[in-house]
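Visitor: Need the complex rebuilt from these two chains, each delivered in its own frame; the hints are there to steer you.
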Amino acid sequence: MDYFLTEEQEMIVGIARQITDERIIPQRAELDENDAFPRAILNEMARADLFGIPIPEEFGGFGGGCFDIVLALEQLGRGCIGVGTAFAASSLGIYPLLIAGSREMCEKYLPDVASGKKFAAFGLTEANAGSDASGIQTTAVLDGDEWVLNGTKQWITNGGEAQIYTIVAITDRSKGARGASMLVVEEGDPGFSCGPKEKKMGIRSSSTTELIFKDCRIPKDRLIGRKGTGFITVMKTLDSSRPGIAALGLGLAQGALDEAATYAKQRVQFGKPIIAFQAVQHMLADMAIQLEAARALVYGAARHIDAHPKDISKVSSMCKVFATDMAMKVATDAVQVMGGYGYMREYPVEKMMRDAKILQIYEGTNQIQRNVVGQELNKEYGRA
Amino acid sequence: MKIIVCIKQVPDAKDVRLDPKTNTLAREGVQSIMNPYDLHAVEEAVRLRELLGGEVTVLSMGPPQAEEVLRQAISCGADQAVLVSDRAFAGADTWATSYTLAKAVNVIGAFDLVLCGKQAIDGDTAQVGPGLAMRLQIPYVTCVQKVREATDSGLVLERMMDDGYDVLALDFPALLTVVKDLNEPRVPSLKGKMRAKKAEIRRLTAADIGADPACIGLPGSPTQVVKVFPPEARRKRAVFTGNLDDQIGQLVDSLHPYL
Chain A
0 MDYFLTEEQE MIVGIARQIT DERIIPQRAE LDENDAFPRA ILNEMARADL
50 FGIPIPEEFG GFGGGCFDIV LALEQLGRGC IGVGTAFAAS SLGIYPLLIA
100 GSREMCEKYL PDVASGKKFA AFGLTEANAG SDASGIQTTA VLDGDEWVLN
150 GTKQWITNGG EAQIYTIVAI TDRSKGARGA SMLVVEEGDP GFSCGPKEKK
200 MGIRSSSTTE LIFKDCRIPK DRLIGRKGTG FITVMKTLDS SRPGIAALGL
250 GLAQGALDEA ATYAKQRVQF GKPIIAFQAV QHMLADMAIQ LEAARALVYG
300 AARHIDAHPK DISKVSSMCK VFATDMAMKV ATDAVQVMGG YGYMREYPVE
350 KMMRDAKILQ IYEGTNQIQR NVVGQELNKE YGRA
Chain B
0 MKIIVCIKQV PDAKDVRLDP KTNTLAREGV QSIMNPYDLH AVEEAVRLRE
50 LLGGEVTVLS MGPPQAEEVL RQAISCGADQ AVLVSDRAFA GADTWATSYT
100 LAKAVNVIGA FDLVLCGKQA IDGDTAQVGP GLAMRLQIPY VTCVQKVREA
150 TDSGLVLERM MDDGYDVLAL DFPALLTVVK DLNEPRVPSL KGKMRAKKAE
200 IRRLTAADIG ADPACIGLPG SPTQVVKVFP PEARRKRAVF TGNLDDQIGQ
250 LVDSLHPYL
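Protein chains in written order, with numbering that gives the first Met the number 0: chain A, 0 to 383; chain B, 0 to 258.
Check each hint, because a few of them may be wrong.
[What the hints assert, rightly or not] Below 20 Å or equal to it, Euclidean Cα-Cα: the simulated SDA-like pairs (lysine to any residue) are:
#, chain 1, residue 1, chain 2, residue 2
1, B, K190, A, G64
2, B, K190, A, E43
3, A, K199, A, Y361
4, B, K20, B, V227
5, A, K199, A, T331
6, A, K198, A, R46
7, B, K13, A, D20
8, B, K190, A, L4
Bear in mind the hints are in silico, worked out from the structure with no lab data behind them.
Just chain B, with the same shape it has in the complex (with noise of 0.2 Å):
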C-alpha cells in the first residue's frame, strides 16, 4: 500500500497579524506550523500503513523551510519526504499548485492513496485536494471523517456533510480530504524524531518534475490577487430599552435596512 501525503506549511493562526502598511500577511518572526488538518491527513496513512503494510511519502511544495514539516512529519511515522521547491513556483495559486502537485506525484511513482487536509488554514480554498484528483484523473472524497473499513482494495468511509454523513465506498487510486474528527494525531516518538532528524529528504525543482513554466508560480495562475485589505471596523453601539415586546420591535427595525 503506497500512501502519499500532502502537507503545508503555514503560518500559525494563532499569531497572525497583517502589516499596516502594506495589508499582507506579516510573516517575519510569526512561528510556521505544519497546517492542522494535514496532522490529520499524516496520521490517518500512518495508522493505514499500520493496519495494510506499506509505505507513507510526505510531498510539500514550498520554500527550503518548508523541510520542518516534512521532518514534523516524519517523527510521526511517515517513511520518506519530498520537498518541491524552486523560486519558479513562487506566486502559485491553486491552480499551478495543483498542477505542480500532480507532476511530482508522477515522479515519485506508483500510489495506491493519496490524502491532503480539508483546507490549508492560510489560504482556506479547499481547491488544492480536489484539484490534484483531477489532474492525476482518479476519484476523490472530500471532507472524509471516518474511515470505517479498509482493505488492500480500497475504503469504506464517511464524509462530512452539513446536515449529517454520507457513507461511501471507493477503490485505489483515490484522492481524500480530510477533517479533524477524523482521528486524534499522535505525539511524535523519540525514535521517529530521531530518524527526523538524520532523514534526507528528497528535492525536486521544476525542471526535475518536467514543469511547464507557462502553468507554474505566477504565469501558471489564473487568480490575480488585485488587493488585499482588513474590513474596516464599523460598529455601532444601540440599546434598547421599554418592555420586552418594544424592544424586540426595536430591533427588528433597526435589522431591517440590512434585510
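Just chain A, with the same shape it has in the complex (with noise of 0.2 Å):
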C-alpha cells in the first residue's frame, strides 16, 4: 500500500533500509550468537544522522516527528530488533529532556546524541517496580549543591554502553506519585556503575544491565523539569516512544513474513511448492492481513501523535499492543511455514521468534497498554 511518504521520509526509509540490508542483515545471526554490541552499526547509523531524528535543529537534529522515527525503526526492526532497540533506547533516553528539560540541558545533551557521539538509556524500571512504577526504591536526597542517589534500576537498555541516563527516583517519599523526579547520571559520576550485561532469551545484541547507585553524587543541576514531575515526565516519554515499539514489530513482522513467502514459493512437497496449498496460503494471507493492518493503524497513530493533541496514551498504547501481538504471530507462523527449517538457527525466523516477544513485554507490558485504553474509555463514556 501506497501511504504517500513525503520526500525527506523517503529518504529515511531509504537510509535506513540501506543500513538494514547492507549492514545488519549480514551480520545479526553473529551478534545474536556472541551476545555482541553492535558498535559498528550504530557508529553507522549514526554517521548516517539517523540518530538525529527526533532531535530539534537547534540542538543539531534533524526536528522529525514520531512518525520519522515510526519509519526508520520499521526499517531497521526488519534486520534486527536488536540493533533497532540498541538504536531506540538511545531515543527514549533523551526524550525525558525534549519532554521537561531545560534549554541549557538540551544544549547540553543533545548535540552529542544527534550526532551518535554519545549513547543515552532510559532507567525506570527496578526489582520491585516494573508495571506498577510506584514500587520505585531509588532515592535522590538534596545535600548541599549535590543530590546524592541511592538504588539500583534493572533490565536498562544500553546500561554499560550509554554515556547519558535519565533516571527516575523519588525526591519525597511522602509526596506518593509527586514524589518522583527525573535526574541525569552521566557516564563516571561518582557512586555509579552498571552491573554485568543479562543474559536474554532474544534481541541479544542489545545490552540489559542493571544500573547501581552508592552514593552517587551528581550536580543540583542535573534535575529535570521541576522537582515531583517526574512520573508525569515518564509517561509522556512513555507514550512519545511506544510507536517506536510498534513499529519494530512491523518491521519484524515485514521480516519473517518475506523469509516464510520465499521459502513457502522454494519449498516442494507432494510435488509442488508448499505456497499452493492452500493451507499455507492461508496462512500466510493472514500474516500479510493482520502485518498491513498493523501497519495502518501505527502509521495512523505517529501522524495524530505529530499534529500535537492534547492526550495521546490511547493510541500510543492501541498501536503498540496490536502491532507486537501481530509480530508475535507473525513470527510464530513463519516459523510454522518453515517447519523444521524454521525451528533451526541457520533460518533468521528462529531469531524472530525469540526477539519477538519482548515486544510484548518492555515499554510497558501488552497487558497494562490494555488498561491505558480501557481507562481512557472508561474516561470517555463517563463524560456523556
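Guide: Set out below in C-alpha cells:
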C-alpha cells in the first residue's frame, strides 16, 4: 500500500533500508550468537544522521516527528530488533529532556546524542517496580549543591554502553506519585556503576544491565524539569516512544513474512511448492492481512501524534499492543510455515520468534497497554 | 587538498539483458547505478578530505540523467559536482572520453589528486583512468587496494597485483584507480541527501571545455564497434564411466582437441 510519504520520509526509509540490508542483516546472526553490542552498525547509523531524527534542529538534529522515527525503526526492525532496540533506547533516553528539560540541559546533552557521539539510556524499572512504577525504591536526596542517589535500576537497555542516563528517583516519599523526579546521570559519576550484561532470550545484541547507585553524587542542576514531576515526564516519555516499539514489530513481522513466503515458493512437497497448498496460503494471507492492518494503525497513530493533540496515551497504547501482538503471531507462524527449517538457527525466523516476545513485554506490557486503553474509554464514556 | 573523482553511471549489472534483435544492451527499463568501483573512489576521497581538509569534486561525462549519480556522490560526502554533457560526446570510446575528461579537469582548475574506479562494469576496459593521467601528464597508480599514509604532499599506497601487492609512494599531483578492497563505502547521510537534493550541478558543454570537435564523440574515437553478439551457446554433455583412472583418461582425451 502507498502511504504517500514525503520526499524527506522517503530519504529516511532509504537510508534505514540500506543500513538494514547492507549492515544489519549480514551480521545479525553473529551478533545474536555472541551477545555482541552492534557498536559499528550504530556508528554507521550515527554517521547517516539517524540518531538526529527526533532531536530539534537547534540542537543539531533533524527535527523529525513520531512518524519519521517510526519509519526508521520499521526498517531497522526488519533486520534485527536487537539493533533496533539499542538505537531506539538512545532516543528513549533523551525524550525526558525533550519533554521537560531546560534549554541549558538540551544544549548540553542533545547535540552529542544527535551526532551519535554519545548514547543515551532511560532508567525506570527496578526489581519491585515494573508495571507498577510507584514501587520505585531509588532515592535522590539533596545535600547542599548535590543530589545523592541510592538504589538499583534493573534491565536497563544500553546499560554500560550509554554515556547519558535519564533516571527516575524518589525525591519525597511522603508525596506519593508527586514525589518522583527525573535526573541525568553521566557515565563516570562517582558512586554510579553498571552491572553485568543480562542473558536474554532474544534481542541479544542489545545490552541490558543494572544501574547501581551507591551514594552517587551528581550536581544539583541535573534535575530534569521541576522536582516532583518525574512520573508525568515518565508517562509522557513512554507515550511518545511506544509507537517506535510498534514500528519494530512491523519490521520484524515484515521480515518474517518475507522469509516465510520466499521459502514457501521454493519448498516442494507432494510435487508442488508448498505455497500452492491452501493451508499454507491461508497462513501467509493472514500474516499479510494482520501486518497491513497493524501498519495502517501505527502510521495513523504516528501522524495523529505529530499533530500534537492534547492526549496521546490511548492511540500510543493501541498501536503498541496491536502491532506487537501481531509481530509475535506472524513470527510464530513464519516458523510454522518453514517447519523444521524454521526451527533451526540457520534460518532467521527462529531468532525473530525469540526476539518478538520482548515487544509484548517492554515499554509497558501489553496488559498494561490494555489498562491504559480501558481507562481512557472509562473516562471518555464517563463524560456523557 | 583538492580531489577530483571521476564517476560513471552504468546499467545495473544485476539487470543486464541483450536485445535479441539488435544484440546491443537493452537499456529500456534497466535501472542505472553508480559504477560500483566509483563508490569506493568517492569514499576514499571523502576520507582523505576528512583527514587533510580541502574539497572533493565529482565529475562525470554522460547524458543529463547522469546527474543522479553525481547527487548520490554528494549525499555520500562530495562537496560539488560537475556534469560534462553534450550530444557531441555520444559514441565516445576510452580515447575520446579521457580527452574530454582531461579538458573538463582543466576547466575545474588546480587539483592534487584524481581518483577513478578501476574500470566501469559496462565497458570493462580499465583504460579511462590511465588515459586521463596521460592526458593530464601526471603519474598514476592503478588498482589501489589501500592508502597507508596520506599527507599534504603525497601518499603511500598498496597496489593490488596478481601475486600480492606493491607498496608505492607518490607525490601530488597524481591519479589513482581503485579496487573494492580499498574501503567500505558509507551509507549516505540524511543531511547529505538533503544537500544533494538542493545542490546545483555545474554543467559543461563541449564548447565550455574548449574541446576540439574532431577529438570527441564518435569522430574522436578510433575504436569502431563492428559487431556485438552474445557467444553461441554450445554445450555438450559427456558422462565418463569406469574406474577413476579410466574416467581421468577419458577426460584428458576429450580435452585434448581444445589444447
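Visitor: If a hint holds in the structure, say so; if it does not, say that too.
Guide: These are the hints, each one checked on the structure:
{"no.": "1", "hint": "B/K190 <-> A/G64", "in the structure": "holds (16 Å)"}
{"no.": "2", "hint": "B/K190 <-> A/E43", "in the structure": "holds (14 Å)"}
{"no.": "3", "hint": "A/K199 <-> A/Y361", "in the structure": "holds (13 Å)"}
{"no.": "4", "hint": "B/K20 <-> B/V227", "in the structure": "holds (11 Å)"}
{"no.": "5", "hint": "A/K199 <-> A/T331", "in the structure": "holds (18 Å)"}
{"no.": "6", "hint": "A/K198 <-> A/R46", "in the structure": "violated (30 Å)"}
{"no.": "7", "hint": "B/K13 <-> A/D20", "in the structure": "holds (16 Å)"}
{"no.": "8", "hint": "B/K190 <-> A/L4", "in the structure": "holds (18 Å)"}
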